[in-house]
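**Student:** Turn these sequences into a full structure, and let the hints guide you.
The numbers in the UniProt record's numbering rise by one with no breaks, and the one at position 3 of the sequence shown is 3.
Be a bit skeptical, because a hint or two may be false.
To be verified - Derived DSS-like pairs (lysine-lysine); straight-line CA-CA distance at most 25 Å:
1) Lys31 - Lys21
2) Lys157 - Lys31
3) Lys130 - Lys21
4) Lys21 - Lys126
5) Lys126 - Lys96
As the list claims (entries may be wrong) - Distance windows between CB atoms, simulated:
6) Leu98 - Arg133: 15 to 23 Å
7) Asp180 - Asn84: 18 to 26 Å
8) Glu131 - Ala77: 36 to 44 Å
9) Thr172 - Asn52: 32 to 40 Å
10) Lys136 - Ser110: 29 to 37 Å
11) Asp149 - Arg123: 13 to 21 Å
12) Thr169 - Glu138: 20 to 28 Å
13) Leu34 - Asp174: 29 to 37 Å
14) Lys130 - Asn84: 28 to 36 Å
15) Asp146 - Leu98: 32 to 40 Å
16) Glu138 - Tyr103: 32 to 40 Å
17) Val89 - Val170: 15 to 23 Å
18) Ala90 - Lys132: 18 to 26 Å
19) Gly42 - Ala95: 22 to 30 Å
Quick caveat, the hints were computed from the structure, so don't treat them as lab data. Fair warning: this is a prediction, and the values are worked out from it, not measured in the lab. The C-beta atom is built at its ideal place from N, Cα and C for all residues, glycine as well.
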Amino acid sequence: MTPTALSGFLVGKSRHLHDKKCLLSCFWDAKGLLYYELLPQGRTVNATTCSNQLASLALARPRSPSLFEKRCPRRSAVHLLNDNARPHVAKATQAKLLELNWYTVPHPPSSPDIAPSDYHLFRPLKLFLKEKRFAKYEDLKMAVFDFFDSQSGAFLKKGIDDLPERWLTVVTNDGQYIVD
Numbered sequence: 001m002t003p004t005a006l007s008g009f010l011v012g013k014s015r016h017l018h019d020k021k022c023l024l025s026c027f028w029d030a031k032g033l034l035y036y037e038l039l040p041q042g043r044t045v046n047a048t049t050c051s052n053q054l055a056s057l058a059l060a061r062p063r064s065p066s067l068f069e070k071r072c073p074r075r076s077a078v079h080l081l082n083d084n085a086r087p088h089v090a091k092a093t094q095a096k097l098l099e100l101n102w103y104t105v106p107h108p109p110s111s112p113d114i115a116p117s118d119y120h121l122f123r124p125l126k127l128f129l130k131e132k133r134f135a136k137y138e139d140l141k142m143a144v145f146d147f148f149d150s151q152s153g154a155f156l157k158k159g160i161d162d163l164p165e166r167w168l169t170v171v172t173n174d175g176q177y178i179v180d
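**Tutor:** The following block contains the structure:
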């Protein structure tokens with residue numbers, strides 16, 4: 001999970017852009033969108049927010065394990081690709097992950113080129129919102145919902161399927177940033 005800032009889409013009286021920023025946290029896999037939260041203006045992600053989002057994600061996941069999950073629990077367990085921002089590595093967040101028996105995939109700092117949410121999901125979302133301006137937070141929230149609702153399962157699957165190739169590209173290029 002890597003939150004993204006949706007800046008400049010809300011219009012209002014504030015002269016400071018950061019006052020109009022809304023953060024979007026999104027959890028998804030190759031099968032579809034699992035959970036997302038658009039935080040109200042001015043609210044940031046801290047360890048409590050992160051832990052609460054993980055709890056909401058746990059409630060949103062399907063309940064009954066498949067036969068594969070029963071035979072290979074570690075392979076079918078939840079693996080989160082988080083950046084190492086402070087809320088993600090905070091003790092409260094780590095305790096929540098331990099409680100849920102979820103794992104994190106190591107992710108180098110400042111590497112949006114290999115974070116699927118950054119390179120595959122948030123880029124098209126920002127293009128979708130590019131020329132739009134919203135007077136109310138609820139209108140922005142609805143536009144984000146409309147974007148997610150319009151995406152096919154194949155779109156999300158491609159974002160996950162591209163990940164191993166992107167990782168290989170980074171290794172092949174000695175860790176250099178991938179320019180799309």
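**Student:** Against the structure, test the hints numbered earlier, and report the numbers of the ones violated in rising order.
**Tutor:** 1, 5, 6, 12 and 18
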